[in-house]
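Chemist: Sequences and hints are given; from them, build the entire structure.
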Amino acid sequence: MTHGILAFGAYIPWRRLQRKAIADTHAWFNPALKAQAKGERAFCNWDEDTVTMAVEAARDALAGRDRAAIGALRFASTTFPFLDRLHCGIVAEALGLDPGISAIDVAATQRAATSALIEALAMNTETLVVSAEKRDAKAASPFEMSSGDGAAAVLVGDGEPIARLLGKASRTADFVDHFRSLDNQFDYQWEERWIRDAGYMPIVPPVIKRCLAAGQVSAADVTHFCMPATLPRVTGTIAKAAGIDERAICDPLHANLGDTGAAHPLMLLVSVLEKAKPGEKILLVGFGQGADALLLEVMPGIGRLPRRLGVAGHLARRKEEASYGRYLAFNDLIELERGMRAETDKGTPLSSLWRNRETVTSFTGGKCGKCGTVQFPRTDVCVNPNCNAIGTQVAHAFADQRARIKSYTADRLTYSPDPPACYGMVEFEEGGRVMIDFTDIDADALSVGQPMQMMFRIKDIDPSRGFRRYYWKAAPVAASPKEA
Amino acid sequence: MAKGIKDKVVILGMGCSKFGERWDKEADNLMVEAYTEAIADAGVDTKAIDAAWLSTAIEEQHVGKSATPLAVALRLPFIPVTRVENYCASGTEAFRGAVYAVASGAADVALALGVEKLKDTGYGGLPQRGRGPLNDMVNPNASAPGSFAQLAAAYRAKHKVEPKDLKRAMAHISVKSHDNGARNPKAHLRNKITIETVLNAPTVAEPLGLYDCCGVSDGAACAIVATPEVARGLGKTDMISIKALQVAVSNGLEAQHNSWDGSYFATTRVASKRAYQEAGIDKPRDALSLIEVHDCFSVTELVTMEDLHISPEGGAIKDVLDGFYDADGKLPCQIDGGLKCFGHPIGASGLRMIYEMYLQMLGRAGERQRQQEPVFGLTHNLGGFPQRNVAAISIIGKYGA
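Listed in order, the protein sequences are those of chains A and B. Just so we're aligned, residue 1 is where the first sequence starts under the numbering used here, counting upward by one. Just so we're aligned, residue 485 is where the second sequence starts under the numbering used here, counting upward by one.
It is worth saying that the hints were derived from the structure and are not from the lab. Bear in mind that the values here come from a model prediction, so they are computed numbers and not experimental data. Certain hints may be false.
[Said to hold, decoys possible] Output of the computed footprint for chain A on chain B, the stretches with three or more beta carbons under 8 Å from beta carbons of chain A:
{"id": "1", "region": "596-609"}
{"id": "2", "region": "613-619"}
{"id": "3", "region": "738-744"}
{"id": "4", "region": "832-844"}
A virtual CB, placed ideally from N, CA and C, is assigned to each residue, including glycine.
Modeler: What follows is the structure, given as structure tokens:
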């Protein structure tokens, strides 16, 4: 049994805003944005946030694994939806993790995920580290162009690792290149040249040096250098200063994802692990009020890891979005006339949510112990008309089952933040059915028999109380990643 | 086997308000409008009524809870009054309460009145509202057209029907109902339309367009029922009696068990079969003279033709396009315009259907009167969603027939 990284996964939202659409809208105000008007950035559907993305990245990482072995969960983000509610709690419930796990949200810095990963690698329990970010950017800011939404997850523990830790180093410094406070929705950022010359350059190379020394690896032997930095040329300058080969610098995923903030170090790590070969050395750096550095060695186990969507698969699962208006609306950056049907108050029934958490959050239904019929939701009396046994239902998990559309519609009358509201009846491969919302779907491509998978999403946002409720929705099955 | 309701109860009188956008009327005004007609027709005094049933479905939009709004509106003299709600089938439920009370002998004369005042929401269609904490946490935010539109998807898949062929039959249904509604002075919509109007209308919920959907209306309808003996005592000769009253309610099978394919109403199939048995009808396609069905959407009417065992399974499109259900066809459906054009004040709709049958049986339907003398009329009042609903069937006809 060796300790190390056992699995990885990622999640990137389906919609990719074309940067040209942003630049074209704001050309009258800030013509300089045109220089950034290449490629695309991922952005959340209206029903996604850091919690839903974290769940999907974790599901990608845990594909085919027994989740009962997980003893700890760390969730890193600077864009959590709640100030006082454990986001790990929602994620653990949605994943069906053991309620006895250690669960901590890690926040408030761009190196939240690297710090959580360092801690996880030092722990003696199987730990899931997940990081997600949904970026809040002011309209017409360079940040709006460069940022992206997404999540990545890494499972750490004993077993057959795909990578092991050779060395680590950290430094903490209250270097404030940007900040966001309770009073501000958006980042306030200082001059780029100062950040590079007074921040990255003095802080990062010494941390890398200590990390490499701890791992007894020379800078020239680093195969993959993963350090997110949205400022131009910073990564290259750091690599040069540290003695790392320029060719080791990994793709920052700027062209078709954007910088996913605190989640980006893990995002880059996952994208590198997808292609890495045994023996290669990965140097992962997170920068934010200091820096974390981790030196990892890729292990032979990487060849035996079951296929997953990861970064590459999720990048391939994409929908080009040319409407900057949709991006503004989904991010609540514009006040739309949503109509009177949007006024319905569905309340925030906390007691009912707690009582029904297995149904709502874990998407667990029932299976009759007498006749074997599965059903959703679980009820006291079996739905099979030839059985109808009382009190025979045992828990039956539906979340990871494939389904097919039985009936559908695209509804333009009811209120939806993304009309038309697509929903319908889906039937699961192991039996059972549910009338459910669809998401990440083209209304004109709906068909009976279409294969669907379940995804954890926001069901409703309660604007008057600031609460959001999560549930599961059906989305078209993503194509398997192509053979490398 | 229970003996059933056949010929135990007769209709003494009926009334119906004008349906539509009654901006100047409160619900109690509409109740009185329907009641005034019914009580005059019955030829009795309010004091003769032993018990009453009120049906409303979306009471939070107008009268509020309980049966007191009916008792207050009509000044009923402290008699037992009950409010019923069973989705859009509420009207037939009120009727069933009154008929069963008379059949049991507990009442000689009973009243059923349905009312709905839906035009005070500020927007078209049914009100958007909460459905209970757990339902709101898991159910899609489905509109009525979005729920019923799914019948079309499942029907096309099951019977291998081209979308345009189904759309065409659905359009025929709406054109027919507008033709019929144009001849009905109490109807909400009295304009004639063409197939092209239907096919070119904006989409509400794929594949339902604007003209595939009924609207919602303000209105009230009322029935006064009694034993045949009481009716005879009042000098009634052409008596119209209840032949069957059946309700079937979903038990979660359609929504949760994979035996239902989504293309039909499991409840309607069961309720109609029981109703034919209760009425002593073997071949409904031949025996029925008129039908009024719950045409909330054109596709609902289409599949209901099969669920009532009138058109063969998969054969409704042909019957519809052949004009079988047109006003001058073999078995007219919605001769009064139906929900589509007479209107849909929910709590009143089931009673409105029976009202039309009653008028047709007595030859009082004016311009839209069926010339071949009707013997048996069926009403089909449906509430809910295809996967979870209440189907209420009544068969009425000439007493002794």
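Chemist: When I compare C-beta atoms, does the region 738-744 of chain B have three or more residues closer than 8 Å to chain A?
Modeler: holds (count 5)
Chemist: Between the region 596-609 of chain B and chain A, are there enough contacts, at least three residues with CB-CB distance under 8 Å, for the coverage claim to hold?
Modeler: Holds: 4 residues of the region 596-609 of chain B have a Cβ under 8 Å from chain A.
Chemist: Do at least three Cβ atoms from the region 832-844 of chain B come closer than 8 Å to Cβ atoms of chain A?
Modeler: Check failed, 0 qualifying residues.
Chemist: How about the region 613-619 of chain B: do at least three of its residues have a C-beta closer than 8 Å to a C-beta of chain A?
Modeler: Since three or more residues must qualify, the claim that chain A covers the region 613-619 of chain B holds, with 4 doing so at under 8 Å.
The structure fails hint 4 only (numbered hints given earlier).
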